[in-house]
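Asker: Chains as they are written, first to last, in the numbering used here: chain A, -6 to 411; chain B, -6 to 411.
In short, the hints are calculated from the structure, not lab data.
The beta carbon of each residue, even a glycine, is placed where N, CA and C say it ideally should be.
Please note: incorrect hints may appear among the correct ones.
Claimed, not checked - Computed footprint of chain B on chain A; a stretch qualifies when at least three of its residues, placed anywhere within it, have a C-beta under 8 Å from a C-beta of chain B: (1) 143 to 157; (2) 345 to 355; (3) 391 to 402.
What the hints assert, rightly or not - Using C-beta positions, here's what the derived DEER-type ranges look like: (4) Gly21(B) x Lys317(A): 50 to 60 Å; (5) Leu62(B) x Glu174(A): 45 to 55 Å; (6) Glu270(A) x Val269(B): 23 to 33 Å.
Given next are the chains, with one letter for each unit.
Number of protein chains: 2
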Amino acid sequence: MNLLVKNIVHEGRKTNIYIEGNTIKSVGGKSGIKDDLVIDGEGKAAIPGLVNTHTHAAMTLMRGYADDLELHDWLENYIWPIEAKLNPDDVYWGAKLACLEMIKSGTTCINDMYWHPLSTAKAVEEADLRGVINGVFIDLHDPEKAREQKSVNKKLFTEFKQFPDRIMYSLGPHAIYTVSEESLIWVRDFAEKNNLLIHFHLSETRKENEDFVKNKGVRPIPYLEKIGFLGPNVVCAHAVWVTKGELKTLGKYDVKIVHNPTSNMKLATGGVMPYVEMKEAGLTVALGTDGCSSNNNLDMFEEMKFAALLQKAHRWDQTVLPAKEALEMATEQGAKALGLNAGKIEEGRLADIVLIDLKRPELTPHYNLASDLVYSANGSCVDTVICDGKVLMQGGLVEGEEEILEKVGVVAKELISR
Amino acid sequence: MNLLVKNIVHEGRKTNIYIEGNTIKSVGGKSGIKDDLVIDGEGKAAIPGLVNTHTHAAMTLMRGYADDLELHDWLENYIWPIEAKLNPDDVYWGAKLACLEMIKSGTTCINDMYWHPLSTAKAVEEADLRGVINGVFIDLHDPEKAREQKSVNKKLFTEFKQFPDRIMYSLGPHAIYTVSEESLIWVRDFAEKNNLLIHFHLSETRKENEDFVKNKGVRPIPYLEKIGFLGPNVVCAHAVWVTKGELKTLGKYDVKIVHNPTSNMKLATGGVMPYVEMKEAGLTVALGTDGCSSNNNLDMFEEMKFAALLQKAHRWDQTVLPAKEALEMATEQGAKALGLNAGKIEEGRLADIVLIDLKRPELTPHYNLASDLVYSANGSCVDTVICDGKVLMQGGLVEGEEEILEKVGVVAKELISR
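Start from the sequences and build out the full structure, keeping to the hints where you can.
Answerer: In structure tokens form, the structure reads like this:
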């Protein structure tokens, strides 16, 4: 299908965007293609679809279920007991809700780690979104569990071939404290052989680093380097408790970083991700919401604001992480972290595009679109969403919205009382 | 006029709310009144109208005009030059835009400090909102300016009598470093005599405290106590750089505090307002967005989230400032700070009520409304706004919206190029 978005503001001027199939064919210039569909962009601006580079989509099911609790109380008495009861159908509906929320707030691609990944993949496929999806690889240093996890992952890798190209399988070793060395090495080898991404939690809390040093006599990053785990296909969420020297190591292997400022603040994990030092080390830093138990939404506009303001507040410096850079974290850097040819509106890129409704009080007057989007907007300013060349939303409404909300209400109620 | 809101969720159960004139007549029970207007609350929840206890409404005109700049560069080269050119008509349109944004995001009352307060009052009156409004009282320690400011304020006090009761005049001595001791004492006396609130910036930055100590040999709060300035009618914005002992002093005089977490973070003023210690000192702590140059919106939902998360992150404690308390800061505490009989939905209170549309992905499922509102919602979840018993918005749309946006666009463009 060919799609023309005409009279649309992009990078400060009015232009036309032509899409052929799933690719941006041209920006500006005259139309030479047959347009199957024309969207009038009058009063709107185009930005790349937002990339949520670290989340657990189906945790929408636990949104608001347990907040304001001490970390261990929260995990042990609320989150883990519910997760132990989750079945594929729960995850499917949780992910359906997440996809709906993401479309409505302008996210076109997620990097997801959760139980029952086939359910998430199905939901993402049905929503016509793009996704890198993995299960949670946890062996708790138990060789039996490790064997089982490897076999599950091999099977999933094959099963994911049923999905279209925009649904990508990846490996999700949970964290250094939940996955054995042998499994980490297996993950690395399997990923390398099959050209897969690895999605990993790295140094989120000070405690996990300290515990690791106590057990192994070495900090996590030097350890990961030693076992050869680090590489450009490793996407690390959080990375709050890292030293300057360790950032150099991560930079050497072109490891990708995902910042989750809202989750870090809400979970009170302490410290602030050293964004400035990461940039100095040449690292790609993308942005993620984390799951809805620790955020509690999937709104990447809000996440951009939290990212920019947390750095400014932490460093007593208004100039750090300016709006344009925050917007790039959520678009270009996100796509780069996932190895996607997306995140920018230019010829040859994947057609993941979001149209912003400019006729809104919080976006008036119009001095600087990046400032307005990062510091004033929220996800509700999204009017139109195009992913992989397909129009998923126009006028802020998604087909079948109400049915998903109703069904998730029933599923969640049943899950909690199960 | 009598108004019935029926089948509405309030504090976890379905009920009816009856409003007579500008007052809540009853919550629950049977209708005994003649209803001129009935609103069906099915699928919605009622919360008190949000109170934005520190803002500069007309600064919407500068939204996105200057961000990510060093504080002095920002003030001296961007904000002050524009403010020097502001005329009453500019302020009127800036405040019109602010009122539109506030209604759409569920704020029913503001505490405003800005130039040309009659323009702001006119805009607030036309929008049918509630407001405590003052001009900026600045004399820069110049006796001539002090005389002029006193005369201006006396005149404004009289002129404000043209407005309905819900538009209240107050005094706005800007800050300790811009207002002379003699003027502060005059403000205190004039406020006491005429039963007015005093709206003040207190210890926002470390620098202002240090400069004051250098000049006066005493910190601001002991100084304000000494000159007899402190009292229950003093509403202090920011109060970031205060000691535990000073909080005791503020508590002794029942001074009201307004937290502005987003502004503090964005302006990178350093430190974090000591919320826990303020509560321990028995202080009323309300919430404000500050102006749109330093936020950049007027969304009190976002402000609640920033408030809760900033405290948790700062104190490494997930349990601090839980959702319910954040919601109270934006409602009950706000009303208390301004001496209003509002901020709660109960018999006898002013009928300032907001209806939340619950059929939204980010508010699904429904475990805990306070959690959902503080951690997941934004202003766009507001469906209906009632202020002083009058319905200002239903279905998320305000009459005349587009005209205001268009006009402000023209006014802002002309202002910048003036």
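Asker: Against this structure, judge whether each hint is valid.
Answerer: Against the structure, the hints:
no.: 1; hint: 143 to 157; result: violated (count 0)
no.: 2; hint: 345 to 355; result: holds (count 4)
no.: 3; hint: 391 to 402; result: holds (count 6)
no.: 4; hint: Gly21(B) x Lys317(A): 50 to 60 Å; result: holds (52 Å)
no.: 5; hint: Leu62(B) x Glu174(A): 45 to 55 Å; result: holds (48 Å)
no.: 6; hint: Glu270(A) x Val269(B): 23 to 33 Å; result: holds (30 Å)
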